[in-house]
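Heads up: the protein sequence lines correspond to chains H and V, in order. Just so we're on the same page, my numbering is the position in the first sequence counted from 1, plus 2. Just so we're on the same page, my numbering is the position in the second sequence counted from 1, plus 997.
Only pairs whose alpha carbons sit at most 20 Å apart, straight line, appear in this in silico SDA-like list of lysine to any residue: (1) V:LYS1089 to H:GLU124; (2) V:LYS1088 to H:GLY123; (3) V:LYS1088 to H:GLU124; (4) V:LYS1179 to H:GLN260.
Treat the hints as calculated values from the structure; they're not laboratory data.
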Amino acid sequence: MSREQLLDLLRGALSTADADGTEIVAITSDEALTWYAENIIHQNVAAHTAQISVRAVVGKQVGSASTTDLTLEGIQRTIQSASDAARLMPEDPDFPGLPLPQTVQETDVGYVPATVASQPGERAAAVRSVIDGAEHAGLRAAGTYLVQSNELAVVSTTGVAAFHRDTMASLKAVVMGDDSSGYGYVSSSDVADIDPLATGQRAVQTAMETRNPMDVEPGPYDVVLSPWAVDELMKMMAFHALSARSIEEHTSFLDGRQGEHLVSPLISLYDDGLDPTGLPLPFDYEGQPKQRVDFISQGVAGDVVYDTYYAKKAGRASTGHSLQQPNDFGPVPLNFFMAAGESAEEEMVAHTERGIYVTRFWYANVVEPRQMTVTGMTRDGTYLIENGRRTRGIRNLRFTQSLVEMLKSTLEVGRDRSILASGFGVGGMVLPSLRVQAFHFTGATKKSQ
Amino acid sequence: MDRFTEQVIAAARRRGANYCDCRLIELEREEIAVMNGALRALTQASQRGFGVRVIVDGAWGFSSSSVTSDGEIDRIVDEAVLIARASASVKKRDVVLAPTGVYEDLVPHQAARDPFTVPDGLKVELLVEATRAMQIPGVVMARGQMQFSRERKTFASSEGSYIIQDRIESGAGIKAIAADDKGGVQVRSYPMSLSGDSAQAGWEFVEAMDLVTHAEPTAREAVALLTAKPCPSGVKDLVVGGQQMALQIHESCGHPTELDRVMGMEASFAGTSFLTTDKKGTFQYGSPHVNLTADPTIPHALGGLVYDDEGVRGRKVYLVQNGIFKHYLNSRASAPVVGEEPMGAMRADGFSRCPIVRMVSINIEPGMASFDELVGGIDDGILVDGIKSWSIDDRRLNFQFGSEIGWEIRGGKLQEMLRNPTYTGIAYEFWRSCDAVGDASQYHVWGVDNCGKGEPMQVAHVSHGTSPARFRQVRVGVLDE
Chain H
3 MSREQLLDLL RGALSTADAD GTEIVAITSD EALTWYAENI IHQNVAAHTA
53 QISVRAVVGK QVGSASTTDL TLEGIQRTIQ SASDAARLMP EDPDFPGLPL
103 PQTVQETDVG YVPATVASQP GERAAAVRSV IDGAEHAGLR AAGTYLVQSN
153 ELAVVSTTGV AAFHRDTMAS LKAVVMGDDS SGYGYVSSSD VADIDPLATG
203 QRAVQTAMET RNPMDVEPGP YDVVLSPWAV DELMKMMAFH ALSARSIEEH
253 TSFLDGRQGE HLVSPLISLY DDGLDPTGLP LPFDYEGQPK QRVDFISQGV
303 AGDVVYDTYY AKKAGRASTG HSLQQPNDFG PVPLNFFMAA GESAEEEMVA
353 HTERGIYVTR FWYANVVEPR QMTVTGMTRD GTYLIENGRR TRGIRNLRFT
403 QSLVEMLKST LEVGRDRSIL ASGFGVGGMV LPSLRVQAFH FTGATKKSQ
Chain V
998 MDRFTEQVIA AARRRGANYC DCRLIELERE EIAVMNGALR ALTQASQRGF
1048 GVRVIVDGAW GFSSSSVTSD GEIDRIVDEA VLIARASASV KKRDVVLAPT
1098 GVYEDLVPHQ AARDPFTVPD GLKVELLVEA TRAMQIPGVV MARGQMQFSR
1148 ERKTFASSEG SYIIQDRIES GAGIKAIAAD DKGGVQVRSY PMSLSGDSAQ
1198 AGWEFVEAMD LVTHAEPTAR EAVALLTAKP CPSGVKDLVV GGQQMALQIH
1248 ESCGHPTELD RVMGMEASFA GTSFLTTDKK GTFQYGSPHV NLTADPTIPH
1298 ALGGLVYDDE GVRGRKVYLV QNGIFKHYLN SRASAPVVGE EPMGAMRADG
1348 FSRCPIVRMV SINIEPGMAS FDELVGGIDD GILVDGIKSW SIDDRRLNFQ
1398 FGSEIGWEIR GGKLQEMLRN PTYTGIAYEF WRSCDAVGDA SQYHVWGVDN
1448 CGKGEPMQVA HVSHGTSPAR FRQVRVGVLD E
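Let the hints inform the model, and build the full structure from the sequences given.
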């Protein structure tokens, strides 16, 4: 649908709303995914979905309902269900009221018609290219090629009317040998930016270079982390420590530390839904404009993200980071950035006398929240660095590391940043490589017997 | 067969599909969250849609839509066929499906009292009362939640199966977060962490949890953990509580026995498996005390099913028997590759996702040891329970898990409470060190509603029947090394 068609449909549906206030969030998604492994396509799927979520307010009573039926009648039935539900709800004394309309800078940056028009045959050809490269090297390729187009609209009886659409194409390649593997990933709103040859070659090269991995003893090592490795760690931080909810639960390392020099001055972390160098989303699921939020500025602790619920509790304004309401997740940073530094990744490797290069981390999870102590594994290309060179592959290691300590011990930040789409179908992270001193590896995997 | 699914199958046949199945799903969900005695969120969602899976030119295609009109049938079947033809362009061999029975069946739900007939006010009030009871000094946040779903799934295949399955799920849990002014934060949950316990059951399942009675003791444990001793570091004997055993089985047995993962199909996301096909029937996965089953027939189990999402009737198999690795979780396409018959483990997350191999109810069979005997057999060790943190490598070998609570064991007796207990190991070494499993009196089937797999991510509802078990010489206390 066009912007006007969708907004008109939703506003038309609102005309029958009988609650004191009503808000509709509409999400439509067309998604196609080619999933390959062992050098064949083993799943190739498409999904066309719509979700309409309605929040109805009667006094301080709030009801909600949602449906996948995008017809006018279906939406109006859902509005009525939400209204009926509200009248049965206990009052919510903390309910801040439906937000008022704010100026939103709508943008079509991130929407590329060619991505919408791409076909299954084009995805199959791209995958064929990755597979051919792997087969030529005697390796096995696995991965996905995902193409999405999404629409988000928010309207309410307070006058909120916001619309955004975006596209996303992402190609992932994991190439495996008998005892090694490599990784390549590229994502962009423009399908033309997807380079299957380069993505596959990167994965092939890593898998070849890390064959016959040696065992190294766990312990503290200087590390160079690729942007993919940094992504796995920063996702933990963004989800668990950078929201008003984490402050309320005392689980954030920023709790009570605003203004303090917490980490290296090389580190700046922020969320910016308007930055066109990322994957922009100009407003949140309450239709409130995204504000830039600086979590850490040159090492100094800053703010966290808010939705209207937590904003009212704190006596301040929303920063525009709400998920669909009502929810119990709290606000979430969906457009996360780490500021670029000055080093090329290869310079970071050159500056490391003995250490480890990590292509990816895997299955990270928080062990202790206040210091953001996280455990996880390396995968798909872990190298020993000796005398400033990646010399050979090593068997995968487990780390247990405070991310606050890691950011304190950061020695260099990469000047090139990668755009890494989130797995949620919206937003993502823009991240550089890092060089870190004394990163804690606490275990190693084994050959299976 | 109903008119809609009949039209889908006919449309696929007309377009040259050798095989087609259609799932038409209607789903209602309700989720309630209460925080410190006040309602935080009550959401009700309904969805309806269909997914079509075809084999054309020897390759799979799948498409789906939330629009269930006649016109949409042609569009979605066209797309599924087009996708299958694109897949065929890089195929190495044709998809071959193992034979399965042709069924016509109507499967009822297992709820005694449909939770959607229970007034929301009653549900909210129960959580309000429970979370208020947890608001003791030291507790900074008391949370409670409930979740219910009611689904009707119609499966029809070009082979002639037509199966309607009704399913109701209910679940609930409460959680206390305690914090001090020294930066300490501790969590304790009841009856289980994450989203609590869930089952294929009705409101009676939630009532039986008796959340209000358990609220204050749960909160007291959270506060006590703030000043508890840290978990010691070292190699010690370990008793894993029943709830934590659910996680242990899930990560180190459930996932590595998924045959699609073993065959590399999950390699680009969650990885592969150490349980390669050459190990089937001979590999010493655990000690002789270890008997692990995949059993979708356990009544009320969240991972239970009568038919999976390719129409295979679910049946119990031993994944590990007397410590030996025996069987995989499989599908119609993968089972023949390793000489197995399909056992009913193909499941999809709603209409818009294509089925993949998933856990059903993965369980450890009870042993003979009482709880006192499990603990009594340890001179220097720890007991851990309450799932808090989990991580495992991409071959399901190296794991590290954290629990909400632990206790020291000395001289065969439980001693002081321990905070932040963690333990780590290599899957098969860990299971080989098991020298006792708790008896049937300690057995419980835990519902787990957050099992993630696949791309795009699919969330499955699975379950694990467990008793506590004892393991020798395990590395513990990783956090404080």
